[in-house]
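There are 2 protein chains.
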Amino acid sequence: MPESPRRTLKLGAVLLGVGGPGQHHTWLDPQIPTDASVDVRWYIARAQEAEAAKFDHVFIVDSQFITPDSPNHYLSRLEPLTLLSAIAVHTEHIGLVGTLTTSYNEPFNVARRLASLDHISGGRAGWNVVTSGDAGTAGNYSRDAHFDYATRYGRALEHVRVAQGLWDSYEADALPRDRERREFLDPTKLHALHHTGEHFRVVGPLNLERTPQGQPVIFQAGDSEEGRDLGAAIADAIFTHAQTLEQAVAFRTELRERAAAKGRDPQNVLIVPGIHPIIAETDEEARARQDAALGARSFEKALAELGRPFGWHDFSQYDLDAPFPSVAAAGALSFRTQAEGITRLAIEKGWTLRQVVQHQLDAGRSPFVGSPLTVADEIQRWFEAGGFDGVNITVNAPGDFARFTDQVLPILRERGVVRSDYESTTLRGNLGLPVPENRYTAARPEEAKAASLVP
Amino acid sequence: MPESPRRTLKLGAVLLGVGGPGQHHTWLDPQIPTDASVDVRWYIARAQEAEAAKFDHVFIVDSQFITPDSPNHYLSRLEPLTLLSAIAVHTEHIGLVGTLTTSYNEPFNVARRLASLDHISGGRAGWNVVTSGDAGTAGNYSRDAHFDYATRYGRALEHVRVAQGLWDSYEADALPRDRERREFLDPTKLHALHHTGEHFRVVGPLNLERTPQGQPVIFQAGDSEEGRDLGAAIADAIFTHAQTLEQAVAFRTELRERAAAKGRDPQNVLIVPGIHPIIAETDEEARARQDAALGARSFEKALAELGRPFGWHDFSQYDLDAPFPSVAAAGALSFRTQAEGITRLAIEKGWTLRQVVQHQLDAGRSPFVGSPLTVADEIQRWFEAGGFDGVNITVNAPGDFARFTDQVLPILRERGVVRSDYESTTLRGNLGLPVPENRYTAARPEEAKAASLVP
Ligand SMILES: Cc1cc2nc3c(=O)[nH]c(=O)nc-3n(C[C@H](O)[C@H](O)[C@H](O)COP(=O)(O)O)c2cc1C
Ligand SMILES: Cc1cc2nc3c(=O)[nH]c(=O)nc-3n(C[C@H](O)[C@H](O)[C@H](O)COP(=O)(O)O)c2cc1C
Numbered sequence: 001m002p003e004s005p006r007r008t009l010k011l012g013a014v015l016l017g018v019g020g021p022g023q024h025h026t027w028l029d030p031q032i033p034t035d036a037s038v039d040v041r042w043y044i045a046r047a048q049e050a051e052a053a054k055f056d057h058v059f060i061v062d063s064q065f066i067t068p069d070s071p072n073h074y075l076s077r078l079e080p081l082t083l084l085s086a087i088a089v090h091t092e093h094i095g096l097v098g099t100l101t102t103s104y105n106e107p108f109n110v111a112r113r114l115a116s117l118d119h120i121s122g123g124r125a126g127w128n129v130v131t132s133g134d135a136g137t138a139g140n141y142s143r144d145a146h147f148d149y150a151t152r153y154g155r156a157l158e159h160v161r162v163a164q165g166l167w168d169s170y171e172a173d174a175l176p177r178d179r180e181r182r183e184f185l186d187p188t189k190l191h192a193l194h195h196t197g198e199h200f201r202v203v204g205p206l207n208l209e210r211t212p213q214g215q216p217v218i219f220q221a222g223d224s225e226e227g228r229d230l231g232a233a234i235a236d237a238i239f240t241h242a243q244t245l246e247q248a249v250a251f252r253t254e255l256r257e258r259a260a261a262k263g264r265d266p267q268n269v270l271i272v273p274g275i276h277p278i279i280a281e282t283d284e285e286a287r288a289r290q291d292a293a294l295g296a297r298s299f300e301k302a303l304a305e306l307g308r309p310f311g312w313h314d315f316s317q318y319d320l321d322a323p324f325p326s327v328a329a330a331g332a333l334s335f336r337t338q339a340e341g342i343t344r345l346a347i348e349k350g351w352t353l354r355q356v357v358q359h360q361l362d363a364g365r366s367p368f369v370g371s372p373l374t375v376a377d378e379i380q381r382w383f384e385a386g387g388f389d390g391v392n393i394t395v396n397a398p399g400d401f402a403r404f405t406d407q408v409l410p411i412l413r414e415r416g417v418v419r420s421d422y423e424s425t426t427l428r429g430n431l432g433l434p435v436p437e438n439r440y441t442a443a444r445p446e447e448a449k450a451a452s453l454v455p
Numbered sequence: 001m002p003e004s005p006r007r008t009l010k011l012g013a014v015l016l017g018v019g020g021p022g023q024h025h026t027w028l029d030p031q032i033p034t035d036a037s038v039d040v041r042w043y044i045a046r047a048q049e050a051e052a053a054k055f056d057h058v059f060i061v062d063s064q065f066i067t068p069d070s071p072n073h074y075l076s077r078l079e080p081l082t083l084l085s086a087i088a089v090h091t092e093h094i095g096l097v098g099t100l101t102t103s104y105n106e107p108f109n110v111a112r113r114l115a116s117l118d119h120i121s122g123g124r125a126g127w128n129v130v131t132s133g134d135a136g137t138a139g140n141y142s143r144d145a146h147f148d149y150a151t152r153y154g155r156a157l158e159h160v161r162v163a164q165g166l167w168d169s170y171e172a173d174a175l176p177r178d179r180e181r182r183e184f185l186d187p188t189k190l191h192a193l194h195h196t197g198e199h200f201r202v203v204g205p206l207n208l209e210r211t212p213q214g215q216p217v218i219f220q221a222g223d224s225e226e227g228r229d230l231g232a233a234i235a236d237a238i239f240t241h242a243q244t245l246e247q248a249v250a251f252r253t254e255l256r257e258r259a260a261a262k263g264r265d266p267q268n269v270l271i272v273p274g275i276h277p278i279i280a281e282t283d284e285e286a287r288a289r290q291d292a293a294l295g296a297r298s299f300e301k302a303l304a305e306l307g308r309p310f311g312w313h314d315f316s317q318y319d320l321d322a323p324f325p326s327v328a329a330a331g332a333l334s335f336r337t338q339a340e341g342i343t344r345l346a347i348e349k350g351w352t353l354r355q356v357v358q359h360q361l362d363a364g365r366s367p368f369v370g371s372p373l374t375v376a377d378e379i380q381r382w383f384e385a386g387g388f389d390g391v392n393i394t395v396n397a398p399g400d401f402a403r404f405t406d407q408v409l410p411i412l413r414e415r416g417v418v419r420s421d422y423e424s425t426t427l428r429g430n431l432g433l434p435v436p437e438n439r440y441t442a443a444r445p446e447e448a449k450a451a452s453l454v455p
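Just so you know, the sequences run in chain order A and B.
Following the UniProt record's numbering, the numbering of the first sequence begins with 1 at its first residue and continues without gaps.
Following the UniProt record's numbering, the numbering of the second sequence begins with 1 at its first residue and continues without gaps.
Next comes chain A alone, as it looks inside the complex (with noise of 0.2 angstroms):
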């Protein structure tokens, strides 16, 4: 397929509270109001922070199972689209990611939601599809045990494509109310799904007209082979994590041919790592910063943690100095890929626990830390070498939110990397992303086609 022009940089900003996944340590930091995860202002003031830096789009993650060894952020937090419904209306340009469970959701809820969302917010909406790693997650919905994988990402699949047949449900001049002609509806023009699968039947239609995305921009991350065969199906735009630049060039590379191989046009598949970007006004200097804030972790809170991935086992059970215990299989339902390449890694290296929790706390180590130059620099590198479409920047500290946009951006606009401002009034056309045609309006003979797309 010939490659189109270079998009620019894509550029998200993750909101998290206070305190996020192996960031327990960042509520200390004086800077963060230590109520930040359920204070909308604090929401607000750091969205209208990205939007003035011209991001395409603010993110909010999501879990619905706490114990209280959960990371303080998630102990006590704004449900995403209820949050993001409020940025809405207090921003203008930037994307509005929420996530949302496949696992605990029924599609047309998710789908009416999302469309509410982005009709409020003028097509800013975008939905990180995932499908709930906690497998106790389960007893908070009358269920004994959480979807095995196979069913997991069986039921997201559909879950998505039953969404999408919602959101087609009018076509776009389905509703010309027009009062002269007292008419309101072309009923015509409003179509029910009749959806019968595996496991979801939904007849439709969405009680809800085409929005101004035509459908609201995809997110997804899943790291598992059944997770990225997800993500090539579905994504607009797929989140993950990057240590190295090769892994991040290939895990690209692999996610495009997988969607090239269903068909898709791979540049209409955004691959966005999170990355966390540490600025001083020398290379030593931020390396210093990074070495403080890495000190200052909690073993203890990093061994409970550890157990999340597998399924939050306990693993202040075992002895720190014996050898890493093999208990991957406690992760199956939970993070299980996640849970495996700990195991992994740890039986290759012959560490103990307290290596391997050692090690956890130091994977927090960034790739992109250094001056503005410095980080500017390999920013540039890793986007040039095909690491990645975008880049997801933690906005913990609003000071080293600012340190990105003040110092590193301007040196990535100047040479074109990100763009200087908006081009489009919706998140799919920043992304430079197709507006999916409305399967009803494309099934149309041309001429109908055509009066059709008018509005």
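No lab work stands behind these hints, which were simulated from the structure alone.
Honestly, I wouldn't trust all of these hints.
Just so you know, same-sequence chains aren't split out, so a pair can sit in one copy or run between any two.
Claimed, not checked - Straight-line distance between alpha carbons at most 20 angstroms, and here's what the computed EDC-like set of lysine to aspartate or glutamate pairs gives:
| no. | residue 1 | residue 2 |
| --- | --- | --- |
| 1 | K349 | D321 |
| 2 | K301 | D314 |
| 3 | K301 | E183 |
| 4 | K54 | D421 |
| 5 | K54 | E180 |
| 6 | K301 | E198 |
| 7 | K301 | D178 |
| 8 | K301 | D29 |
| 9 | K54 | D406 |
| 10 | K301 | D319 |
| 11 | K262 | E92 |
| 12 | K301 | D362 |
| 13 | K301 | D406 |
| 14 | K54 | E348 |
| 15 | K301 | E180 |
All figures in this text were calculated on a predicted structure; none of them were measured in a lab.
Take the given structure of chain A and dock chain B with the ligands to it, following the hints.
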């Protein structure tokens, strides 16, 4: 029980988009944009007007099923809680009451979304608990048929009890967030629910701390035996209709008795019917306006919409001038009470189908029609006779609403029937309702409790 001093009349504003139930003619009103039901700015402006008039709350109705015959407002509209969150951050005092069905939602998700709205709004969230009257809703949620009445209401009761349990997950002082002591959480004040019931099993805890209102305010509506019983058990406020003062007094008396029989203080169960005041300079003019509005309705549309309580039964198949067909059973899973009521009346009166449709068209006739003084007198008379504790005013045309706030309310304020300003920062406070004590705090010894209640 000794009566505490009578509260002032409570005021709610029903925010419909355009052409709500029985009001399909309103979309022709040039004052109302035809796409109001999907325009967040329209809703925000109406809520701000209601707040300027010191209303206690705005209220958003809901359903999750449409046919091309549905009222215009139902065909395409925003999901209630997504909408209310946007309104929350553009208002300061007014309560935000959203409809969520217990039949097609999980209690964990409902509890979380309402608690999030309560945090975002600083204590102004309310939940209109419904069970979904449209039997066709089942088809959008992987079910062959809607729940029967006993199940619908049994599930509703358990659903609300689970939500209330989840709202108590954190005691008020469970999150000290004390940096010096490195104490974010006091785990002894975080409680799992471990609920196991007929319809739900929910372990908990909720991942959101106690809200500003302690618990969001619970509204409910339901005319059947089962519906009244649920209201008496769980509602802080009960929505209803009121056609005559005698009916209103009877309904309020009965519901208060039911609540008392369940051991509740009837003072804490407010009865709030929807009313539709029609105001003009003189009584004659107001009556003429009502006749004009009723005359503008379409017989065909009313015939189609008559089907709704009967599970969208198609009445166009019958002879208009033959006796009303005996099809009450078609409504057994829908709005049963309404379907039975219409059928009973038709048989009693010996009406034809045409006469029933005409009666439905006339049923919109309001008991509150006249000059501002006439309407104020009538509202005061009903209030003082015990017909209601508050009223829900349907806001469609901004002009009609302004006539009520600018011309009727000053008279009621002058007479002390309506308060002149907000008395609390929360909806619960403005309605004069007590804050429910957290069940775990309540179970503590007195000294521990006193300490807990400080924040
Ligand atoms: C950047 C990133 C963000 C994620 N955000 C969430 C989230 O908000 N909620 C969630 O339940 N899972 C989240 N996940 C987890 C995945 O969606 C997936 O459930 C998990 O990785 C386990 O599946 P896997 O084995 O396929 O990776 C995220 C993963 C990544 C890489
Ligand atoms: C004022 C009022 C408002 C209502 N709002 C809704 C609503 O928004 N959504 C809904 O599904 N039902 C709504 N209902 C219907 C009831 O909650 C109930 O489902 C319906 O009346 C059928 O049950 P019943 O036979 O017990 O009345 C409302 C009823 C009344 C009286």
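Results for each hint:
1. K349 <-> D321: within (14 angstroms within a copy, 88 angstroms between copies)
2. K301 <-> D314: within (12 angstroms within a copy, 63 angstroms between copies)
3. K301 <-> E183: Between copies only: 12 angstroms across, 62 angstroms inside.
4. K54 <-> D421: within (6 angstroms within a copy, 42 angstroms between copies)
5. K54 <-> E180: Result: close neither inside a copy nor across copies, 43 angstroms intra and 37 angstroms inter.
6. K301 <-> E198: The answer is neither: 41 angstroms in one copy and 38 angstroms across copies each exceed 20 angstroms.
7. K301 <-> D178: between (62 angstroms within a copy, 16 angstroms between copies)
8. K301 <-> D29: within (17 angstroms within a copy, 62 angstroms between copies)
9. K54 <-> D406: within (12 angstroms within a copy, 44 angstroms between copies)
10. K301 <-> D319: Within. Shortest intra-copy distance 16 angstroms satisfies the 20 angstroms Cα cut-off; inter-copy 75 angstroms does not.
11. K262 <-> E92: neither (35 angstroms within a copy, 50 angstroms between copies)
12. K301 <-> D362: within (14 angstroms within a copy, 67 angstroms between copies)
13. K301 <-> D406: neither (34 angstroms within a copy, 59 angstroms between copies)
14. K54 <-> E348: Intra 44 angstroms, inter 68 angstroms, cutoff 20 angstroms: neither.
15. K301 <-> E180: Between copies only: 17 angstroms across, 67 angstroms inside.
Violation of the numbered hints given earlier is confined to hints 5, 6, 11, 13 and 14; the remaining hints are satisfied by the structure.
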